[in-house]
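These protein sequence lines map, in sequence, to chains A and B.
Just so you know, my numbering puts 179 at position 179 of the first sequence, and the rest follows in order with no gaps.
Just so you know, my numbering puts 410 at position 410 of the second sequence, and the rest follows in order with no gaps.
Simulated from the structure, these hints should not be mistaken for laboratory data.
A quick note: this is a predicted structure, and the numbers were derived from the prediction, not measured.
No residue lacks a Cβ here, since even glycine has one placed at the ideal position from N, Cα and C.
Chain A residues, not near chain B, derived (Cβ > 12 Å throughout):
#1 L22
#2 F23
#3 A111
#4 I175
#5 N196
#6 L289
#7 V294
#8 V296
#9 A297
#10 V302
#11 R303
Sample of chain A residues facing chain B (criterion: CB under 7 Å; computed from the structure):
#12 F43
#13 G44
#14 L49
#15 N132
#16 P157
#17 G158
#18 E251
#19 E273
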Amino acid sequence: MSGAASGPSRAPYALLAPFVILFVVFTLWPLVQSVPLSMSHTFGPGASLHVGWSKFSLALEDPRFYTALRNTLVFTAGSVFIQLPVALALAVALNQPWLRGRTLFRLAFFAPQLVGLVFTAVLARVLFQKQNGLANTLLAEIVGPLNSLAPGVFPSPGAMLETPWLEGLALTTLIVTALWMYAGFNMVFFLAALQNVSRELEEAATIDGAGRWARFRHVTIPAIRPVAAFVVLLSIIGSFQLFEMPYIMLEEGTGPRDKGLTLVTYLYKNGFEAGDLGYATAIGWLLALLLGGVAVAQRVLVRDEAKP
Amino acid sequence: MLDRLSIHPALRSLSAGSAAVVALAIISSAIVIARGDGRPETEATMWTFAAPHFDIYKPVLDERNQTAGFRVDLINIGRQVMDRRMLGGFLGGVPTADLLEAERSTASLAFAGPLEAVGFLDITDRLEAEGLFDEIVPAAFSPWTFEGRVFGIPHDVHPVMLGYRADLVDAAGIDLSRVETWDELFAALEPLRQDLDGDGTIDRFPMSLWHTNSDMIETMLLQGGGGAFAADGSLAIDRPINADMVARMVSWMVGPGQVAADVPEFNPAGTQQKLEGRAVAYLMPDWMCNIWRRELPQLHGKVRLMPLPAWEPGGRRTSVWGGAMLGIAKAADNHDELWEFAKFLYLSDDLARELYRTGDIVTPVRSLWDDPIFDEPDPYFSGQRKGRMYIELADDVPLRAASPFFTQARMEVLNAVSRLHGYAADNGVYTADGLRPIAADYLRDAHRDVQRIIDRNAFHGGSVAAGAAGGAGP
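Chain A with its partners taken away, still in its complex shape (with noise of 0.2 Å):
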């Protein structure tokens, strides 16, 4: 049999094998390896016990894990039911043809995930500080005056100084600061939906007499819910893997009293910090079930939405 006539039934296998060599070999492994590695209290191979169920056990018992939950499911809710409205809004905007700077704004929204998750979360830190940080000097700014007209009713300037962003608001803190990272980078599907929804379908429920608002209802949301569904589903996975930003914006990664704790930080923490990759492991698989109960849900309830 000639090289030729052998090869094309090959190929295909040699093309792909760089990949499944590098999947098997960091993550198909390794993900088999973790089921082990969470029921197991381990300082490396040479000093490992098994301890069974006893770190999901923990995790079940643990408040921390459940004040990280807590943390993960506000945060996330926060993505869902203001960072996508919002990210439809400027999309809708920026979607009239009649706007003009159209693309430069388009660009302004998107610009946060150019400069990337760690520069914006360095900067947020600073912009949120207290004293001398850009959002507590414009709150000042504003009660300034606003004191001077009715004194006694604001807080003064210097206690707007003392805002604490990054204390007693860390979730808050977050939440804007995802808000600003994320809103333009949703536009941007939200934006590609918007601009292949049916011109002739929303010409025709305009001669029906359809409003703007009605359009909007009945025509543009049922148009563009495979991608909403698909930007949820993306911004809830984020979510629940938010990391970097409390890592980097709060003091010891979590904020005091725990309150930018996130169910990703806890894990690191267990696993890096405590050294306690058993618990870390476990942390990490409660989440992945949590995820995947969240995805199967996402889709029953947008296939019972699609049904006539």
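Go by the hints and put chain B onto chain A.
Same frame as chain A, but now just chain B:
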């Protein structure tokens, strides 16, 4: 000739662009492999985590490598990379440097397993044999001592003094020379607690101390004889002495009589606030002097140092903040040569002088304290003989027990302090007496949470191991 080359049909079908990408990948890989890592040929490698340390050691090592038979290559890899790579090496057996200069939180990672699994070489017997336990301040060994064994040569002792804005204090006609306690300090500095812009809010406070800064809180607790761990290494967060100090510290941070302010360390916002005089006094370990000198040149000659005010009259006038050690990787070859090199680097008089000259750090080696360099007046610190002042406090530095649970304990103590701050602010309780019972409750919670972590550690706590262990032991 080219016609005779057998080119696979799949490759023949590649577009020009794809072929270019493949060719580029092959060529660049070949270049990378051929170049190697560009490091010089040496007998050993050392990692450090701090750029200032690197700057001090590098010229000395370069000179030594010219003549010495045992050459060492120095690499600054940063603290977080050091954490990851050291832990990866110790846990997974992948290569690390032969010598690792680690700070406290990094070293504590190595102590999370059983004693025999610590990746650093146990140097207790070598220290004993060469009389170095008598030579070096005992407190300097404590963070690197685990279950009675020592795993690193101390780099420093890091006594803490109080640095204050002499320009502001002198202008207000305040004399701090007779201040002995924290309460006396705040009383003396009361005239400087000022609303500078007249908006009804205090803008200048006597001291920089905040409930979100774990280093500061730990420094204060250690000074007063408290801290997360007792001298024997057992967890002791819920000690009454901790509750008392935490209540007093939080009372300084809240209410109309607030005397402590949040001036962040190591960021531009904090630097600006220091320049503006947001706080008058600051906790100042020896190494911090160097940071001020570099980042706040505008304050040259405007800063003065004094021993920390004590918690109670007659109490300890210093504490400790930070610290590093040089450990030898157990997996390294040439332990004897590495030991000799470690002693050369950390215990020689040349290096001690250089460490002070360029890093403001006083050596923990007692026999080197007579060096005249420590008596030189420092113009940045108003001409004070700063080195001698730190040295005079060095023997009084509190011990810090090494623990694999150091990071979690520190975090939980900080949470308790922050909770208490929130409680005080929300409920208008501003006195130490009012806060003490709440502090005790919160510290008990913190103690319980860390104890739970200890209990679930099969190597150190035992309950998980005792209840469920069924696998192979180490």
